[in-house]
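S.K.: Line by line, the protein sequences are chains B and L.
Taking my numbering, the leading residue of the first sequence gets 1, the next gets one more, and so forth.
Taking my numbering, the leading residue of the second sequence gets 481, the next gets one more, and so forth.
I should point out that these hints are in silico values taken from the structure, not numbers from a laboratory.
None of these values were measured; they are calculated from a predicted model.
Glycine residues also receive a C-beta, built at the ideal position from the N, C-alpha and C atoms.
Errors might be hidden in some of the hints.
With a straight-line Cα cutoff of 16 Å, these simulated EDC-like cross-link-like pairs (lysine to aspartate or glutamate) come out [stated by the list, open to error]:
#1 L:Lys-656 x B:Asp-285
#2 L:Lys-656 x B:Glu-281
#3 B:Lys-428 x B:Glu-331
#4 L:Lys-503 x B:Glu-50
Covered by chain L, according to a simulated footprint, are these stretches of chain B (three or more residues, beta-carbon under 8 Å) [said to hold, decoys possible]:
#5 33–40
#6 222–233
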Amino acid sequence: MFESLSSKFAGAFGALRSRGKISEKDIDAAVIDIRSALLDADVALEVVEEFTQKVGDKSLALLATLQAGSNQAQAIFDVVNQELTEILGGGARRIRFAKNPPTVIMLAGLQGAGKTTLAAKLAKFYKDQGETPILIASDLQRPNAVNQLQVVGQSVGVPVFAPEPGNGVGNPVRVAQDGIKFAQSKLHSMVIVDTAGRLGVDQELMQEAIAIRDAVSPQEIFFVVDAMIGQDAVRTAKAFQDGVGFDGVVLTKLDGDARGGAALSIASLTGKPIMFASTGEKISDFDIFYPERMASRILGMGDVATLAEQAKKAFDGDSAKKLEDKFAAGEDFTLDDFLEQLEAMSKMGSMGKLLGMLPGAGAMKKQIDNFDESEITRTKAIVQSMTPLERRDLKVLNGSRRARIALGSGRKVSEVNALADKFTAAQKMMKQMRNGGGMPQGMALPPGMPGLPPAPKKAAPIQKKKSKSGNPAKRALENG
Amino acid sequence: MGLFNRLIAKVRGTSAASALDWKEIEVELLASDLGPHLVAELLEAAKKMRGEDAEAAIKEILRSKLSQRERALIAGGEQKVILVVGVNGTGKTTSVAKLAASLKSSGNSVILGAADTFRAAAVAQLQTWGERINVEVVSGKEGAEPAAVAFDSAKRASEEKCDYLIVDTAGRLHNKNDLMAELGKVKRVVEKVLPITEVLLVIDGTTGQNGLAQAKIFSEAVDVTGIIVTKLDGSARGGVALAIESALDIPIKFIGTGEGQGDFAAFEPDSYIDGLLA
Chain B
1 MFESLSSKFA GAFGALRSRG KISEKDIDAA VIDIRSALLD ADVALEVVEE
51 FTQKVGDKSL ALLATLQAGS NQAQAIFDVV NQELTEILGG GARRIRFAKN
101 PPTVIMLAGL QGAGKTTLAA KLAKFYKDQG ETPILIASDL QRPNAVNQLQ
151 VVGQSVGVPV FAPEPGNGVG NPVRVAQDGI KFAQSKLHSM VIVDTAGRLG
201 VDQELMQEAI AIRDAVSPQE IFFVVDAMIG QDAVRTAKAF QDGVGFDGVV
251 LTKLDGDARG GAALSIASLT GKPIMFASTG EKISDFDIFY PERMASRILG
301 MGDVATLAEQ AKKAFDGDSA KKLEDKFAAG EDFTLDDFLE QLEAMSKMGS
351 MGKLLGMLPG AGAMKKQIDN FDESEITRTK AIVQSMTPLE RRDLKVLNGS
401 RRARIALGSG RKVSEVNALA DKFTAAQKMM KQMRNGGGMP QGMALPPGMP
451 GLPPAPKKAA PIQKKKSKSG NPAKRALENG
Chain L
481 MGLFNRLIAK VRGTSAASAL DWKEIEVELL ASDLGPHLVA ELLEAAKKMR
531 GEDAEAAIKE ILRSKLSQRE RALIAGGEQK VILVVGVNGT GKTTSVAKLA
581 ASLKSSGNSV ILGAADTFRA AAVAQLQTWG ERINVEVVSG KEGAEPAAVA
631 FDSAKRASEE KCDYLIVDTA GRLHNKNDLM AELGKVKRVV EKVLPITEVL
681 LVIDGTTGQN GLAQAKIFSE AVDVTGIIVT KLDGSARGGV ALAIESALDI
731 PIKFIGTGEG QGDFAAFEPD SYIDGLLA
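Put together the whole structure using the sequences plus the hints.
M.R.: Below you can see the structure in the form of structure tokens.
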């Protein structure tokens, strides 16, 4: 997402940075570049004009106060970053909870924006936070929308209130009303109402949405919008704002290569914050929208904050603590630990998505897109084909063991060798770090990542078991 | 007065009252999702124009951007197979049903293949449509291998000797390489039974310049032969369609204009261009 926009921004700033002293002309040129980048990204022209005007004015004002020799390009970059964050809605907002539960959230949007899938993602998100959500199937228009909601509801373990079969049968307003009553009687703390997709210009359907709104008086109405929407975003958002009205925006399909102009336009023109963003087909591909993080992503500064958060979510407390203790006790990082980490990593989502959050990811877009996700599966297969002893101590790997592992995992011996070599090198590096050598150069952890525990004063001696048998097979038996 | 007339008035310099600034025209043109490059080109040409033929001249510029290729379905042999592809939520399943209804009403026998085994209830959605328009739907279980379902439907179509098989596929974002590869597989597997005569890409009429990237990448993966632009009943004008035709020379074959099965029509270049500037 936003790649193309960020690479164009990078171009504009690259030109600025290459100047020793920035003149007004240079700023004008950069502003023109920014303008065309935004237009290409489907940002509404009104928003583009306002943004470029502001950035231009502020940069010029700043230029006058900056001394030559100070980092002028960086200062201007900061201006753009700040403006971008502001347009995207400043700080993130949390939803308003009802004083008397249930909290009612209503979803509205165009057809195909992704409301039904989003309803389930939202339900899962709040279920994980201790709420007891229920979904209401008020989309009685689209064939099998009710059915779809039931399936996705079941997959996240959230009940679905669906008294009507849909496909044009039933009264969506009554379903919504009854659903609220049902939720109250069952003491659900949250209700999410899925409504039929509608076009901004369709008065009849807009009236229906208004009727549902009036019947359920939601705490929040979310306007669900496809990140790939073009200039029509402006008209659509306004039609919804004037029609049913909304309190927040949810962006879907942000995992495409959409340049997300819609996000900028809608947030800027309606003044409503973007609350959530959906970034994939999996239920877990969903998060709170952070304007400042998105701004850094557009500017190619990466999104390390999100990465760190996902890591925290995936590496559950126990295994992280275990690893930390192990490390502190001076024990070796073994292939078993490595396997655990690989599994946690696959929980975090695709490697491509993770790498995409790193600073400068825009420049490696092609490599990231082509990252072979099955590489992780293959590595896991190799490790899983090893005996517990082998996983603890790679030194026991002789030719016959290597051949057996290769056969067991369906990989080549050379791949087993490569993994063993890489892992031994990594182990060595970790030992160095523990012994106070610090991180080797070029391996610094990005800011915001949990740091490693301090090295213990006295590293426990690594136990080296002396083998009694010269026969590797026998030795393995002895050691289990 | 529509944008077009105002633009003409501006070019002619006849009516001071209705003439608007070039800036305003730029805003309006950009609002149609034509994209900054086409808009810049168009404005430059318009600024050079003088006199009475301005109207025809501007329409001519737009028309010259459209593909010259045939817009009817490719004739093919006795049995024709249409693969329908696109990103999520563009209206593929609905378009498949509408296309089937239209082919059926002109006397063809049609079978549908429900190869969208990923999205919850997508198969059921197509089955509901199949019942409505009285067309057989070949389906597998949810989560089944899409290529297997596509293969089964091709077999069925071949046995039944029906005129058209239309295969609905799961929505996929074009930047997901593995999913695009899966689409290639569906195509190859179907072609073991029957040759695919047509690959139609469904594009949401409200999509912006991203539509261009979609068309380009889907074409690379499965050789798109035509486009269906959907949701043109809203306020969107679908300018990206023109941008696609201009950049990639893939013809738009059909447009979807509503939720009903009749809200589907062959693409008419002239009325499209009129609508673009309305």
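S.K.: Of the hints given before, which are not true for this structure?
M.R.: The structure conflicts with no hint, since it agrees with every one listed earlier.
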